[in-house]
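Number of protein chains: 2
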Amino acid sequence: MKEGLLTERQKEVLRYRKKGLTQQQIADLISTSKANVCTVEKAAVENIRKAKETLEFLYTLDAAHLCTIKSGTDLLDAAKDIFSSAETLGIKVKYDTISLANRLRESNPERFRARYIREDIDVYINEDGELYFG
Amino acid sequence: MKEGLLTERQKEVLRYRKKGLTQQQIADLISTSKANVCTVEKAAVENIRKAKETLEFLYTLDAAHLCTIKSGTDLLDAAKDIFSSAETLGIKVKYDTISLANRLRESNPERFRARYIREDIDVYINEDGELYFG
DNA sequence: GGTATGTTAAGGAAAAGTGTTTAAGTTCAC
DNA sequence: GTGAACTTAAACACTTTTCCTTAACATACC
Chain A
42 MKEGLLTERQ KEVLRYRKKG LTQQQIADLI STSKANVCTV EKAAVENIRK AKETLEFLYT
102 LDAAHLCTIK SGTDLLDAAK DIFSSAETLG IKVKYDTISL ANRLRESNPE RFRARYIRED
162 IDVYINEDGE LYFG
Chain B
42 MKEGLLTERQ KEVLRYRKKG LTQQQIADLI STSKANVCTV EKAAVENIRK AKETLEFLYT
102 LDAAHLCTIK SGTDLLDAAK DIFSSAETLG IKVKYDTISL ANRLRESNPE RFRARYIRED
162 IDVYINEDGE LYFG
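Going down the list, the sequences are from chains A and B. Just so you know, we're using our numbering here: the first sequence kicks off at 42 and counts up by one. Just so you know, we're using our numbering here: the second sequence kicks off at 42 and counts up by one.
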């Protein structure tokens with residue numbers, strides 16, 4: 042009830058890895074197979090990813106849906122779209138075009154091919170002009 | 042695989058609550074009992090707590106175990122212990138005695154009775170002198 | 001007292017997650 | 001090509017979580 046997402050096993054493996062041990066060395070130390078160490082470590086990393094995403098959801102709770110960038114849109118057109126949508130809401134976006142484009146791309150590089158967006162992206166904005174991409 | 046900790050149901054309830062709806066109103070909207078809305082909301086809050094704790098673990102991964110404060114120790118003696126242990130490691134603690142005592146107590150108020158520690162506390166420190174209590 | 005809001009406990013069925021093994025598959029340096 | 005480090009897939013037992021119901025309980029407001 043009081044613990045976090047990671048199991049003791051997962052933390053154990055992460056600690057040993059942080060120390061620089063290989064999966065085989067850890068497997069020997071905790072008496073299991075290296076394949077299992079791999080699985081446990083992977084589960085741990087996945088849990089950490091989930092934890093981050095969960096907290097990001099909290100930000101979007103404070104934020105309003107601004108617009109949806111359609112698949113196929115050019116990165117700079119997306120930025121224009123975001124600025125004009127924000128203006129409609131009377132909110133000033135916290136970023137200039139270049140930073141916005143960078144943030145957008147960094148939010149999920151897999152969703153881009155060169156300058157084009159490959160999947161629809163929901164854009165949220167809060168009162169401070171901070172942006173979130175869902 | 043790609044989602045966070047919160048289920049769709051949990052997010053749904055949190056969104057409605059953020060809008061100011063009562064549990065009963067939400068129950069009617071999503072066709073269930075108010076008791077269930079309460080349960081789902083509680084699970085959501087618990088998941089958010091877990092997410093936070095999980096990320097805090099990441100900080101302690103960067104940190105080294107400094108010392109263990111034994112149950113029954115006085116708060117100020119604990120602080121002294123932490124300073125001397127850190128000195129042994131050649132790390133300067135980021136806090137003075139008063140702030141340290143406050144941080145220690147705030148880290149988990151339940152573990153204190155007046156100025157005495159009720160349970161063993163593991164203390165971690167990173168290279169910057171930042172402290173974590175486990 | 002009655003009403004609205006929220007919490008808690010007990011129980012249950014379905015779904016998801018965990019640790020594990022075995023076996024096969026990378027990738028990369030020597 | 002060999003070996004070391006790591007990944008992946010399928011399968012299994014086991015535990016936990018989730019969503020749900022019903023019924024009781026606590027607060028607070030009128």
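Honestly, the hints are just simulated from the structure, not real lab data. Hints should not be assumed to be uniformly reliable.
Claimed, not checked - Result set (DSSO-like, lysine-lysine): computed pairs, CA atoms no more than 27 Å apart in a straight line:
| id | chain 1 | residue 1 | chain 2 | residue 2 |
| --- | --- | --- | --- | --- |
| 1 | A | Lys60 | B | Lys133 |
| 2 | A | Lys83 | B | Lys111 |
| 3 | A | Lys111 | A | Lys121 |
| 4 | A | Lys83 | A | Lys93 |
| 5 | A | Lys121 | A | Lys133 |
| 6 | A | Lys83 | A | Lys52 |
| 7 | B | Lys52 | A | Lys59 |
| 8 | B | Lys135 | A | Lys60 |
| 9 | B | Lys135 | B | Lys121 |
| 10 | A | Lys52 | B | Lys93 |
| 11 | B | Lys60 | A | Lys93 |
| 12 | A | Lys59 | B | Lys135 |
| 13 | B | Lys59 | B | Lys93 |
| 14 | A | Lys83 | A | Lys59 |
| 15 | A | Lys135 | B | Lys60 |
| 16 | A | Lys59 | A | Lys93 |
| 17 | B | Lys93 | B | Lys60 |
| 18 | B | Lys93 | A | Lys111 |
| 19 | A | Lys59 | B | Lys59 |
As the list claims (entries may be wrong) - Sample of chain B residues facing chain A (criterion: CB under 7 Å; computed from the structure):
| id | residue |
| --- | --- |
| 20 | Lys59 |
| 21 | Gly61 |
| 22 | Leu62 |
| 23 | Ile71 |
| 24 | Lys91 |
| 25 | Ala92 |
| 26 | Glu94 |
| 27 | Thr95 |
| 28 | Tyr100 |
| 29 | Leu116 |
| 30 | Leu117 |
We put the CB at the ideal spot given by N, CA and C, even for glycine.
Check: For the hint on B/Ile71, does the least C-beta distance to chain A fall short of 7 Å?
Finding: violated (17 Å)
Check: Are the Cα positions of A/Lys83 and A/Lys93 separated by 27 Å at most?
Finding: holds (16 Å)
Margin query: Can you verify the interface hint for B/Leu117: is its Cβ closer than 7 Å to any Cβ in chain A?
Written below: The hint is violated - B/Leu117 has no Cβ within 7 Å of chain A, the shortest such distance being about 27 Å.
Next item on the list: Verify the proposed pairing of A/Lys52 with B/Lys93, using a straight-line Cα cut of 27 Å.
Entry: holds (15 Å)
Item checked: chain A contact restraint for B/Leu116 - C-beta distance below 7 Å -> violated (22 Å)
Note to self: Just to be careful, I want the Cα atoms of A/Lys83 and B/Lys111 compared with a cutoff of 27 Å; is the pair within it?
What the structure shows: Given that 27 Å is the threshold and the Cα spacing comes to 35 Å, the pair is violated.
Check: CA of A/Lys111 to CA of A/Lys121, is that 27 Å or under?
Finding: holds (13 Å)
Note to self: B/Glu94 was flagged as interface toward chain A. Is the shortest Cβ-Cβ separation under 7 Å?
What the structure shows: holds (4 Å)
Note to self: Tell me if the interface restraint on B/Tyr100 is satisfied: Cβ within less than 7 Å of some Cβ in chain A.
What the structure shows: violated (12 Å)
Next item on the list: Compare the distance between the alpha carbons of A/Lys121 and A/Lys133 with 27 Å, and conclude whether the hinted pair is satisfied.
Entry: holds (13 Å)
Notebook entry, point to check: Does the interface hint hold: is B/Lys91 within less than 7 Å of chain A, judged Cβ to Cβ?
Noted result: This hint holds: B/Lys91 lies near chain A, its Cβ roughly 5 Å from the closest one there, short of 7 Å.
Note to self: Hint B/Lys59 vs chain A: min CB-CB distance below 7 Å?
What the structure shows: holds (5 Å)
The structure fails to meet hints 2, 7, 18, 19, 21, 22, 23, 28, 29, 30 from the earlier list, while all remaining hints are met.
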